[in-house]
Amino acid sequence: MRDDLTAAGAGSLLASRKAGVCLHISSLPGAGPIGNIGQDARRWIDFLAATGVRYWQFLPISPTGYGDSPYQPLSVFAGNPLFIDWPGLQQYGLLRSSRFDHEAPCAATHYPEAQRRCESLSRQVACEFFDRAGGELQQEFEAFRLRNRDWLHGYVQFRHLKLLHGERAWDEWAPEYRNREIAPLHRFVNHYRADLERIELEQFIFAWQWRQLREHAKRRQVALIGDAPIYLALDSADAWLHRELLQLDGDGRPTAVAGVPPDYFSSSGQLWGNPLYDWPYHSASGFDWWCARIAALARQVDYLRMDHFRGFVGYWSVPAGAETAREGCWREGPGDALFRALSARVGRLPLIAEDLGVITEDVRQLRERLGLPGMAVLQFLLADPEWDAARQGTDTICYTGTHDNDTSVGWYEDLSRAGREAAQRVSNRLARFGDSMHEPHWCILRCALDSPSCLAVAPMQDFLGLGSAARLNYPGRADGNWQWRLMEAQLTDRLGRRIAEELRQRGRA
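Residue numbers for the sequence shown follow this note's numbering, beginning at 1 and rising by one.
Keep in mind that the hints were calculated from the coordinates and are not lab data.
Please read these numbers as outputs of a predicted model, since none were measured by experiment.
Hints may contain errors.
[Unchecked claim] Beta-carbon label-pair distances, calculated as ranges:
#, residue 1, residue 2, range
1, Tyr474, His102, 30 to 38 angstroms
2, Tyr92, Gly314, 48 to 56 angstroms
3, Ala320, Arg17, 44 to 52 angstroms
Backbone N, C-alpha and C fix where the C-beta goes; we use that ideal spot for every residue, glycine too.
Turn these sequences into a full structure, and let the hints steer you where they fit.
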């Protein structure tokens, strides 16, 4: 079986000894209310390349819904139009306004303002674009529509219907649209054709700019690490179009939802609320939907983090309506069968297994059979008296923390309140990596850089030594997340030189 599955392995990543930075697109520095995939992202890649950092990791890039969480996407195939570099379209004559000349950067990501800005500029671009006759760009647009028709047509219908229903979830729409009745949908498409084409154009521009970004990253020798959330949001085009993929009742509501049992983040577990997959259906279909999804993501990035990898072996199923995740139980996932289908249909898949949480032997064995690197998170490991960095496998990616953790400084400062004994144990370990503890973030970073792991990654907040105010996400909290933003002034030459020197000293340049 190993011979069948190792084609899915991460290949050259395991053979390297490099460093990476995790920073989401929304947090990129630049003008406007949110980071973009044009000039903001290119400047960031140039900074990484100059320091010797060879991997940039970001969160899912799909359009977000309620709560702005990238892990509750409105579509797993679409790109987030809020990330479009609108000023960059002026050079193509698609925006004539000079409104960007005095646009100042925001100190925090502001999704509502980014949404209002996107809708206004999208309409201006569409008017200019569709008024033109022919042209190479319009030919590319038509080719894009044809190439992506399997998901694009349904997504744009979903997105505009959601707007017309006051952004309510699709299971609260008028019955004829909720149930996708053919005649009403046909009338809707004819009536709102211009609006639907505008949303298609947004997706084309996103894909067009993303392709340019990938080419720039390749020229600068910076590899992109993307992220694939394991579950769909119920309020998504995917669930609306393909109820058969999920454990839903006749009204389109989940019969069971996703979560995890009690863990590091919560004593009652985490109740994510996403509908669960109907794995027997997926198996009977030859995992067609999964193959299409992963193939699309693999075209966007160099490596792909598979979120909640253990859920492919066994997943936590919580009855719909349960108050906490404690009421759930383990169910069997697809295991080898899914990855065998992906390997056969899609080809080599450079995946990274997010193997955090309750990891059993069968999960470890699947990761090894696939030849995938796993994850080691220092915030979980440093306080463990049995952890030994020397025994950490080279087939891991060592993180100081993830987007769900506090910053390293915030975490370290909180240890004294969590228990003096644990704090002292961590301090003693970290002191070996620095002359003093007045910079705990650099001590923790050195733990990652000195580890045997093939790749050491830290959120940008840790390179900057920021405290808890810069935390990106609090698991279980519904609002106030995903707002931290890097400022251009923080990317100093001094910081770049220090990062470069630390990587050189530890053999990761």
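Now for the hints, and whether the structure bears them out:
For the hinted restraint 30 to 38 angstroms between Tyr474 and His102, the CB-CB distance of approximately 35 angstroms keeps it satisfied. Distance hint for Tyr92 and Gly314: a CB-CB separation of about 50 angstroms, consistent with the stated range 48 to 56 angstroms. At about 46 angstroms, the beta-carbon gap between Ala320 and Arg17 stays in the expected band of 44 to 52 angstroms.
Checked against the numbered hints listed earlier, the structure breaks none of them; every hint is satisfied.
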